[in-house]
Amino acid sequence: MTEAAAPGPATLAAATARRRLAARGAALRQSVLPVLGVIAALIAFWYLACIPMNAAQSVLEAARAGAPVTPAEASERRGMSGLALAVQNPAEAAARAYGQERPRLPAPHQIGAEVWAATAQVAPTSPRSLLYHGWVTLSATLLGFAFGAALGVLLAMGIVQFRVMDLSVMLWAIVSQTVPIIAIAPMVIVVLHSVGISGIVPKAAIAAWLSFFPVVVGMVKGLRSPDAAQLDLLKTYGATARQTFLSLRLPGSTPYLFASLKIAVAAALVGTIVAELPTGAQAGFGARLLAGSYYGQTVQIWSALVAAAVLAALLVALVGAAERLVLARMGLRR
Amino acid sequence: MSGAVVEAEGLGLTFATGDGPVHALKDVSLSIGKGEFVSFIGPSGCGKTTFLRCVAGLEAPTSGSLRVNGMSADNARRARAYGYVFQAAGLYPWRTIGGNIALPLEIMKYPAAERQRRVRETLALVDLAGFENKYPWQLSGGMQQRASIARALGFDADLLLMDEPFGALDEIVRDRLNEELLALWARTGKTMLFVTHSIPEAVYLSTRIVVMSPRPGRISDVIESPLPKERPLEIRDSSAFIEIAHRVREGLRAGMEAA
Amino acid sequence: MSGAVVEAEGLGLTFATGDGPVHALKDVSLSIGKGEFVSFIGPSGCGKTTFLRCVAGLEAPTSGSLRVNGMSADNARRARAYGYVFQAAGLYPWRTIGGNIALPLEIMKYPAAERQRRVRETLALVDLAGFENKYPWQLSGGMQQRASIARALGFDADLLLMDEPFGALDEIVRDRLNEELLALWARTGKTMLFVTHSIPEAVYLSTRIVVMSPRPGRISDVIESPLPKERPLEIRDSSAFIEIAHRVREGLRAGMEAA
Amino acid sequence: QDAVTLQLKWVAQAQFAGYYVAQDQGFYEEAGLDVTINPGGPDIAPEQVIAGGGADVIVTWMAAALAARERGVPLVNIAQPFGTGGLQLTCLAETGVETPEDFPGRTLGVWFFGNEYPFYAWMAQLGIDTGGTSDTGVTVLRQAFNVDPLLQGQADCISTMTYNEYGQVLDAGYTEDELVNFNYLDEGIGMLEDGLYVMEEDLEDPAFVDKMSRFVAASMEGWRYAEAHPEEAAQIVIDNDTTGAQTLEHQVYMMTEVAKLTEGSDGSLDPAAYEQTVATLLSAVSEDNPAITEEPEGAYTTAVTDMALGE
Amino acid sequence: MTLVALALALWAGAWALNVRLAAGPDQRRAALLVPALFGLTLLMLWELLVRGLAVPMVILPAPSRIGAAIAANAPILWTDFVQTVLRGALPGYAIGCAAAFAVALLADRVPLLRRGLLPVAGMMAALPVVGVAPILVMWFGFDWQSKAATVAVMVFFPVMVNTVAGLSAAEAMQRDLMRTYGAGYWSALSRLHLPAAMPFVFNGLKIATTLALVGAIVAEFFGSPIRGIGFRISTSVGQLALDMVWAEIAVAALAGSAFYGLIAVTEKRVTFWHPSNRD
Ligand SMILES: Nc1ncnc2c1ncn2[C@@H]1O[C@H](COP(=O)(O)OP(=O)(O)OP(=O)(O)O)[C@@H](O)[C@H]1O
Ligand SMILES: Nc1ncnc2c1ncn2[C@@H]1O[C@H](COP(=O)(O)OP(=O)(O)OP(=O)(O)O)[C@@H](O)[C@H]1O
Ligand SMILES: Cc1ncc(C[n+]2csc(CCO)c2C)c(N)n1
Ligand SMILES: [Mg+2]
Ligand SMILES: [Mg+2]
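So the sequence lines, in the order shown, correspond to chains A, B, C, D and E. Sequential numbering from 1059 applies to the first sequence in our numbering. Sequential numbering from 2 applies to the second sequence in our numbering. Sequential numbering from 2 applies to the third sequence in our numbering. Sequential numbering from 6 applies to the fourth sequence in our numbering. Sequential numbering from 223 applies to the fifth sequence in our numbering.
Hints are supplied without guarantee of correctness; some may be wrong.
[Claimed, not checked] Between beta-carbon pairs, the in silico distance windows are:
| no. | chain 1 | residue 1 | chain 2 | residue 2 | range |
| --- | --- | --- | --- | --- | --- |
| 1 | B | D238 | A | L1383 | 51 to 61 Å |
| 2 | B | S32 | E | K490 | 39 to 49 Å |
| 3 | C | A61 | E | S390 | 15 to 25 Å |
[Said to hold, decoys possible] Example chain D residues on the side facing chain E (calculated, C-beta under 8 Å, incomplete):
| no. | residue |
| --- | --- |
| 4 | D48 |
| 5 | A50 |
| 6 | E52 |
| 7 | G57 |
| 8 | A73 |
| 9 | Q148 |
| 10 | D153 |
| 11 | P154 |
| 12 | P295 |
[Claimed, not checked] In silico lysine to any residue, SDA-like type, Cα no more than 25 Å apart, as pairs:
| no. | chain 1 | residue 1 | chain 2 | residue 2 |
| --- | --- | --- | --- | --- |
| 13 | A | K1293 | B | P94 |
| 14 | C | K135 | B | G91 |
| 15 | A | K1293 | B | G99 |
| 16 | A | K1293 | B | S64 |
| 17 | C | K135 | C | A89 |
| 18 | A | K1279 | A | W1230 |
| 19 | C | K135 | E | H496 |
| 20 | A | K1279 | E | K490 |
| 21 | B | K135 | C | T18 |
| 22 | A | K1279 | B | I108 |
| 23 | A | K1279 | A | T1312 |
| 24 | C | K230 | C | L183 |
| 25 | A | K1293 | B | G91 |
| 26 | C | K27 | B | I173 |
| 27 | B | K110 | A | L1289 |
| 28 | C | K110 | E | Q396 |
Please keep in mind that the hints were generated in silico from the structure rather than gathered at the bench. Cβ coordinates follow ideal geometry from the N, Cα and C atoms, glycine included.
Construct all of the structure, not just a fragment, from the sequences and the given hints.
Laid out in structure tokens, this is it:
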């Protein structure tokens, strides 16, 4: 490229900006719109599903209010499916599906209102704030994820480098995951508590328990993904195990590592929430879920669920962003 | 015995596959001295690659003995005795072309400045200057192959194992690289094991030509070249050259018919 | 216009890469009639593969027009107008060699007995009889390449696109396959687009030789061959042959120097 | 100030108002105590926590405490703030259950996790099979700690506490006369509910006994205050609810109902009620109901309450 | 304390033995012996530590007591196994995986759907089971149906995400080949995309096996008949019968590992061609 042929810097900048805008527009059409479309379809289906799901209560309320319903007898209605009830009482079922206090399936707007009320309308430090509970859960999740990911990577390295570890650890790592965590969690908490450890650490320990496994599996697969030809090349250089690891296995495993980190961060969140159930329903999304279930507050359960899902999505997106950054640096994104 | 860089005695290798064993090499005996340029030629599937892999310590022979630089092939490998150009380019997709060529240099702990210098030089040698920052998939097949040659030439190995390095190159580039290779060899006194399918190439480059025949892979003929060390491209029109080429062709044909 | 199998007009293709655009093809105009055997020759990286991929509808040109069998390249692809031999073998690792060759036959719904027959025949044609049940990674580089040739020959396409199909083969097998290919072409009247780096091969096979030059890839010369359709291998020693080969070499050299 | 850790059996709610009120009103502080109240949860067994050293004193049901005692956790009742119990079986009248004779063939929701002992004792008394296979038996559903099975039509009867789940059924739109209640107390298999338990070896230390007596006294003061001021007590509970999930309305209801259970008690254990609990448990020992197999010894002490009330 | 010291010595000894075995010539024997020895060491360590430190039984029972509980309660454990694994986990696994596979195919077919569905699916994948299970119990009743539903929901996302990833795993060159044949969708699917996807699919299936059992057990915590692994665990915790709790945990772990092993063996057979399985 000669200087003379190059366009002036101003035009170049303008062209770049235009291109970038166009690219952003394309990205919008490519990624955001389909997501919105799918979400819209889901929500539409959700609203529709509310009618039969909540029909029993709708009809009960209607009957209480003196409206004629079929069948008229409560005992006959028992055991009828929601769909049948909705078909026989379409008007009542549709009209009363979205305003119930304890719906079987809350409508999206009810959840939205609850989430809004619990985030925007209370101080973020109040136990009534979802942000507060989100932070409680998030902090344990991040700590557990950090531990779990580190442990997972270390184990995977050991498994790939040492045959003993491959033979002994892998099997038992699998076994550790088949142990019902919800049964173990309370015991872990009681045991740790009895040796004086409480607070965030027991929760993080359980989060780490769930999150190390996907990392081990993915990372082992990734570290073993280089094919024979690629390994042969390094053998011809007489590369040490360490060098083979650093220059071939590690970069080769990066895509696998990130795929598993995404699963692991979601698993860490689930682990934290599980751990929050027996810790005495004190705080965090787990406590919200539990308390909601004890007091029949379905809307509250769902809003905690939605909040947890959003948090998970954010965490996964964060890992995804890191992935794009790293892979782009490595030239692996085309 | 001393001075023999590669010393094979009754070498054999049998692959066990799902439907029966495949005899890739059988009773191969060969001694290659320091500074020799030995070409291997033979029909596809006759075991040329397998032999080179044995020398490189990448495949374990199932019978016979093999010494490289007086050590076992595996120890020679660990001592970084050789450079290897594989039949397929095998560049690492996460490294740029420059990064791929720097890879062995990094592993052998060449200082950074030296690495840069060598990458630049070998890239120029294979005519890829300017492609340093491209990724492998952005290169044509022949360009990838040249990058892999550059990768093996970048560091100082006394023994070079090259498996059809110029197979995907056009005649002109190939001629140029043949000349370069010969010059390099003359200058450095490296020992060369070179697999090719081109008879003229084999004759032009080699001090000795090993003709192989297939199933099981054996040495069917070994032809010493009387050509001088100094070889301009025009030597290919000389009668001596044509005569050797003819012998190689005959050897190949005989091996084929016997099989 | 009618009867033109491939019709390119001012064809251009630019790849956008991380550090700037790469002009792989520029202003390529070419018309290939039915039954022609056209070879493409040119230095590594000049755009031969890219041009073949455009014809196959695997790459979309960024400028110019291209018709294949009177349709767009994409429609021709859908109409299964051609067979393609890639520069790398690209066999599916989960299928045996036989399974790989049967793949297009299955897709094109050949009856099972017919499939079997054709697999057997084409395997024999490329000298791989007996390897039907082996997996790709159990074959040598040249054997894999032959399997991929067999895969493209197994079904009846009127147009064959071959990208350096014989690059990894020894001279003898190569000669034999050259003869076979020529015989097949003469028998069936297929149209051939053939990329090679070997000048004698191009001259021996082709009715027309397209010489390309690099950066950006352009056609620098088109050479019509006056050789008769009937071509014994010995024709390569004829003066007509040597003369054309010389022209091609000159064309190549001129293209290289201009670039 | 002496530190005391109290492990509750359940989440922070008005069921434990007395302790929260005592804390909030400074009764503990006045008694020279620094009390930490740890709420429980569905899978935290307070008996396990105290055995592991995670608490000094726990709130639990007597059946569970006696069972733990037999399994090597020597718990001792030191006080019994709940004079009577609130556990009942609530049925929908529309299903046609009116008396225990209507049970066979029905699906009954039962709380497990150590709360199943009274139920099995009762069924043994009624002679009803609980295996779920015979027509004359009942199908037992392990009910989560909510009322969904009744509202969703999955059970004919469910376990409720007068002060909590029963209110939830009412909140769901059912009226009192649409519901049929079987109170365990009325059926004669009442078992002592929320009591205070400590480890036996701790009681050997007079300083600990003294600490506990002050704790019990202050707690009972808290209960008295809570009974008198249900609204305020409910608000205190809400303030201590770190989940932020409770509603004041429901906690006021709960406080009012809990008051009915604590009103009669000055904190001391009624030995007759203890005997009845033990007798009921022993009368129905079975595979499903392995609470205790033999008469417990030294499972309660009046020393603490004597001291507390003596002051 | 001596017991603790003994435990540590035992650990060191067994590890040394394992290192020797793994480096030894008989790899087949090592593959069986090493993990067994490792597990045995863990158990011994546990036993000695629990005894040496006099941990109360209600906190952590020793393996010998757990073994005794298993032997004494075999019929109960069998009933629970049938309820949780055969009636809850397996049907749920089958349904969830089949649905995930179908949706993944659909998403792969319709690019718009894929771009829209994947992020949403990622979000749903992170829905905590403990939140979903009570809702599903409310919807599907307390018997095995709700357990199967929970399992189906849990396994759905990992299988789907992996399948979608797998369906795009074929290399550019392999796809180009299909394109040159003008292969139709189903042709390319069955001959290229499915085989190429299998390593990924099995990845998902393997993750799903561990989730399946956990899901079925978790769901039992939110309402169940009076049998099942989860039911027994939570009831036994309440009764402080910790030996029984661990007996059930052992059953769950055994069943889960066997299930995992089954899928892993199938994977080896199906993806024999993959470089990681070749030698
Ligand atoms: N995917 C791609 N991205 C960027 N550049 C590419 C890509 N594919 C090819 N090129 C570039 O296009 C040019 C032509 O490549 P092409 O593969 O057509 O060459 P070729 O003539 O087939 O060479 P060879 O004989 O070495 O195979 C090269 O400079 C190459 O770097
Ligand atoms: N991993 C393997 N498993 C089984 N058989 C193998 C394996 N590698 C090579 N072979 C067989 O060994 C024989 C020799 O192969 P080799 O690659 O050495 O041939 P080659 O002379 O290099 O041929 P080409 O010129 O085609 O590259 C062939 O018949 C091949 O099928
Ligand atoms: C661990 C545990 N869970 C449930 C109960 C039974 N119970 C007692 S009070 C109450 C009210 C809930 O608001 C319930 C369910 C218990 N005693 N312990
Ligand atoms: Mg080879
Ligand atoms: Mg090419």
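Evaluation of the provided hints:
no. : hint                         : result
1   : B/D238 x A/L1383: 51 to 61 Å : holds (59 Å)
2   : B/S32 x E/K490: 39 to 49 Å   : holds (44 Å)
3   : C/A61 x E/S390: 15 to 25 Å   : holds (20 Å)
4   : D48                          : holds (6 Å)
5   : A50                          : holds (6 Å)
6   : E52                          : holds (6 Å)
7   : G57                          : holds (5 Å)
8   : A73                          : holds (5 Å)
9   : Q148                         : holds (6 Å)
10  : D153                         : holds (5 Å)
11  : P154                         : holds (7 Å)
12  : P295                         : holds (7 Å)
13  : A/K1293 x B/P94              : holds (18 Å)
14  : C/K135 x B/G91               : holds (23 Å)
15  : A/K1293 x B/G99              : holds (20 Å)
16  : A/K1293 x B/S64              : holds (22 Å)
17  : C/K135 x C/A89               : holds (19 Å)
18  : A/K1279 x A/W1230            : holds (17 Å)
19  : C/K135 x E/H496              : holds (15 Å)
20  : A/K1279 x E/K490             : holds (13 Å)
21  : B/K135 x C/T18               : holds (8 Å)
22  : A/K1279 x B/I108             : holds (24 Å)
23  : A/K1279 x A/T1312            : holds (11 Å)
24  : C/K230 x C/L183              : holds (9 Å)
25  : A/K1293 x B/G91              : holds (13 Å)
26  : C/K27 x B/I173               : holds (22 Å)
27  : B/K110 x A/L1289             : holds (19 Å)
28  : C/K110 x E/Q396              : holds (20 Å)
Violated hints are absent here; each numbered hint is respected by the structure.
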